[in-house]
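Asker: If you want the building blocks of each chain, they are given just below.
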Amino acid sequence: QNLKCVTHNLRKMICTWDVSSKGRHGQTDVCYTTNDLPPPVCFKTKEKRVEIPVPESSSTMTITTNSNSGTAFVTKEFEIHKKDISFVPLTPRILSLTPDFSTSTLNLKWSDNGSVFLYGLDAFWQIQILRKEAMEKVTQVTYYSKLTHEDVIHSWNWTSDMPLECTSHYVKIRCYINVTQFVGPKDWSDWSPIEEIPGKDTEPNGSGVFPQDTVVAVGSDVTICCVHEKGQQIKRMTYGPEIYPMIRLSSRSSAIRVLNASASDASGTNVVCRLSEDDMDGTVLFVGYAPDTPQNLSCETSNFLKIKCTWKPGRPSGLYGKRRTKYSLFERISGKNVSCEVNEMNRERVCGFPVLADQKTYDFVLGVSNPIGQTESLLLVDLTQRVHPKAPEKLTVSGNSSTSVRLHWFINGSFAEIRLLCQIEVSCGHSERRLHNISMSGGEFSTYTAQLNALHAYTKYQFRVRCSAADHFWRWSDWSRIEEHTTLEA
Amino acid sequence: MAAADNTSAALRRRDLCSRGIRLAGKMRSDVVDLLDTYVERQGLDASASVAAVEGVPVAAVERWDEQTGTQRLLENLAAYRAFRALLAQMLEEQQEQLGEADTTLGQALAAVLLQVSAFTYHLEELLRLESRGPPSEEGPEPPPAPHLSLFERKLRGLGVLRELAQWAVRSTRDLRQLAKPNPGSSSAASLAESP
Chain W
1 QNLKCVTHNL
11 RKMICTWDVS
21 SKGRHGQTDV
31 CYTTNDLPPP
41 VCFKTKEKRV
51 EIPVPESSST
61 MTITTNSNSG
71 TAFVTKEFEI
81 HKKDISFVPL
91 TPRILSLTPD
101 FSTSTLNLKW
111 SDNGSVFLYG
121 LDAFWQIQIL
131 RKEAMEKVTQ
141 VTYYSKLTHE
151 DVIHSWNWTS
161 DMPLECTSHY
171 VKIRCYINVT
181 QFVGPKDWSD
191 WSPIEEIPGK
201 DTEPNGSGVF
211 PQDTVVAVGS
221 DVTICCVHEK
231 GQQIKRMTYG
241 PEIYPMIRLS
251 SRSSAIRVLN
261 ASASDASGTN
271 VVCRLSEDDM
281 DGTVLFVGYA
291 PDTPQNLSCE
301 TSNFLKIKCT
311 WKPGRPSGLY
321 GKRRTKYSLF
331 ERISGKNVSC
341 EVNEMNRERV
351 CGFPVLADQK
361 TYDFVLGVSN
371 PIGQTESLLL
381 VDLTQRVHPK
391 APEKLTVSGN
401 SSTSVRLHWF
411 INGSFAEIRL
421 LCQIEVSCGH
431 SERRLHNISM
441 SGGEFSTYTA
451 QLNALHAYTK
461 YQFRVRCSAA
471 DHFWRWSDWS
481 RIEEHTTLEA
Chain D
1 MAAADNTSAA
11 LRRRDLCSRG
21 IRLAGKMRSD
31 VVDLLDTYVE
41 RQGLDASASV
51 AAVEGVPVAA
61 VERWDEQTGT
71 QRLLENLAAY
81 RAFRALLAQM
91 LEEQQEQLGE
101 ADTTLGQALA
111 AVLLQVSAFT
121 YHLEELLRLE
131 SRGPPSEEGP
141 EPPPAPHLSL
151 FERKLRGLGV
161 LRELAQWAVR
171 STRDLRQLAK
181 PNPGSSSAAS
191 LAESP
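Residue numbers (the numbering used here), protein chains in the order written: chain W, 1 to 490; chain D, 1 to 195.
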C-alpha cells in the first residue's frame, strides 16, 4: 500500500511502500518495467524501498511480499506515472559557518550539488537564522542561484543586529529547484543539520558587556548585552545616565536596545551592567558621524619646495583620539601618498606635500576616513598657477640721487621657473599712497632689485613690497615690513 | 661637633617634613578636583564602587602607630613611585583615546603627575637624610599591564585617583609623625601645619 516515489536527481527515484501489519514477512520480490519496454528487471529486497530509474513516461512495478517460509504472501502491481513522482532536492550541507565578531557577521558556505543535474536549473535557497536559548527565528532569507552542472560553493553573509557574543546563533538551509519540465510535484528539500555559533553565555566563565568599545553612527539602533556568570543576576543596565528595560536572551545574558543613538561625549557613552552593589561590568560606545566631504580644497606653494593644501572639514565627527577622522593626500600622477597630521580641534585643516622634481601638474585625492565611513575630495592643479609667495624680507632702500631710490628685498623660495610680479607701495606722510608694479624673472632664494624715480628731493618716504606670480596671478604675498628712507637734497 | 650635626639634621628633616606636608595637602586638593573632572568627563557615576585595582598601592594600613619612621618613608616612596607610573600610563591612554578633544582633563592629570613626581623626590630626600638613601628604582620590570577594556580602564583610573587621594591624607599624617623630635612618642609638639 501507499507506494510513494521520490527523486532527488531526476534520474533515479526511491520508491517506498507499506505492508499490512498482519503476520511476519520475509523477503520481498520486486519487478519493474520502464516505459513498457520488456524484459522486467527483478530483484529481492528486505527493505520496503527500492531505487530504480525515473521513467520517461511510466513504469510498472510488481511487489510480491513473501512469508518467512518463502511462499508468496501477497502480490500487488503498481502503475507509476511521471506525474506521480515527487521531486525533492537533496538536503543541502553547510560547509562552514564562520563568525566575524568584530562586525557581528556570519559567513555561510555551502555546496549547491549542481553536478547532480545534467542541465542548468534555477535554485532557491531558504536560509534561516535562529537565536537565543529558545532558538527563536530571527530571520529567513531566500537566496537565488543558477545550478550549472558543477558543484558550486556559495558564500553568504549576514550581519546580526546584536554582537555574536551575546547569545548563540544558529543557521540552517534548505533548497527548492525549479525544474519546469518536471511534471510531478516539486517540494523543498529537508532543512540541513543546524550549525551553531555559541555565544559567550555558553562558555563556563564567559562574561562581559558587548560590543566592546565600538563605534557606531549617530541615529543607529544598537543592541548591547551583558553576559554574566551562572548564579549572578543583573540588577540594572544603564546607557549613559538612563536605566533601560532589559531583554532576556538566555539565563546568563540580557540585552538593552538603544534606538536612534545620539552623539556621545569625547570619552564615549558608558554602558554599565550592575550585577550587585559592588560588582559591575561595562563597555564604552562611541557614537559619531561619518566624515563630511571636505569643502574648498585648495593647494598652493609658497616656495616651490612644499605644497600646502587646506580645506574646510565640514561637520565634526564627534570622534577623537585613535578614532578620530584621518586624512591622507594621494597624488595620482606620481603615486605618492602622504598622511596628514591634523589637530581635530582647530577648524582649518592643513596638509603638506613635497613639490616633486619635474612635475608641474598635481592630481590630488584627499582621502578622509574614520571608523564610521570615508569620503574624498579631488583637486587637479597646475602648481605654477598656485603660487603664493612668503612676504618679502630684508627690504632695504638706498638712494644716490635726490629723485630716485633703489630697493632690495629677499624672497624665500625657488621661483626660477616663473616670472614674478612685485608691487611697491610708496607713501609720504599722510599723502596718498602710490603703487608701482614691476615684473621680473624669478630666482633661486634670491634678492630682487628695483629702482623708483620721479621722487621729491629731501623727502621722507615709507616703502613696502609684496609679490605674486606674474603670468598666472593667484595670491599676493603679505606685505614686507615698511622701510623708511629720505631722498637726498637737490 | 657631633651634637651640632644632629641638630642641623633634625632641623633639615623637620623642614623637609613641613614642606612635604604642604605639598601633600596641595596634592590632595588637586587630586580631589581632578577626581570630579575625571568622573564628569568619563561619564562615570561618582558613587560607583570600584573593586581593589591590581597594582594600585592601598593607603589603608594596619598598626599605623607602630611603624618606624623609615618604614613610613619606604612605604610612601614605593606608593608614589607606583602612582607616578600609573598616572603616566593614564595620561598616555587619555592622549590616545581623546587626542586634543579634552585638554582640560589632560592638563589636570599632568599637573597631578608633576606633583606626585615632586613628592616622590621629596621622600627620596628625606630618606637620604636617613643616610641609607632611597632604594633604587631598578628592579624587575613590572608585569605588562593586562589588556583592559575602555570601561575597565575608566574604572581603574577612578580607583587610582581615589587611592591617591587617600595616600595624600596618610602621607600628611606620616610626615607629621616624622616631624616629631622622636617619632615614637606622641607627646612631642608637632611643627607641621594641617594640610
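Hints are not guaranteed to be accurate.
Some chain W residues well away from chain D (every beta-carbon gap over 12 Å; in silico) [claimed, not checked]:
| no. | residue |
| --- | --- |
| 1 | 196 |
| 2 | 265 |
| 3 | 285 |
| 4 | 345 |
Per the computed footprint, the stretches of chain D lying under chain W, defined by three or more beta-carbons under 8 Å from a beta-carbon of chain W, are [to be verified]:
| no. | region |
| --- | --- |
| 5 | 45-56 |
| 6 | 62-70 |
A few chain D residues that don't get close to chain W, going by computed Cβ distances all over 10 Å [what the hints assert, rightly or not]:
| no. | residue |
| --- | --- |
| 7 | 12 |
| 8 | 29 |
| 9 | 99 |
| 10 | 101 |
| 11 | 108 |
| 12 | 114 |
| 13 | 125 |
| 14 | 136 |
| 15 | 154 |
| 16 | 169 |
Just so you know, these hints were derived from the structure itself, not from any lab.
No residue lacks a Cβ here, since even glycine has one placed at the ideal position from N, Cα and C.
Asker: Each of the hints needs a verdict: does it hold here or not?
Answerer: Status of each hint after checking the structure:
| no. | hint | verdict |
| --- | --- | --- |
| 1 | 196 | holds, 26 Å |
| 2 | 265 | violated, 6 Å |
| 3 | 285 | violated, 10 Å |
| 4 | 345 | violated, 4 Å |
| 5 | 45-56 | holds (count 4) |
| 6 | 62-70 | violated (count 0) |
| 7 | 12 | holds, 45 Å |
| 8 | 29 | holds, 24 Å |
| 9 | 99 | violated, 4 Å |
| 10 | 101 | violated, 4 Å |
| 11 | 108 | holds, 14 Å |
| 12 | 114 | holds, 22 Å |
| 13 | 125 | holds, 37 Å |
| 14 | 136 | holds, 35 Å |
| 15 | 154 | violated, 7 Å |
| 16 | 169 | holds, 22 Å |
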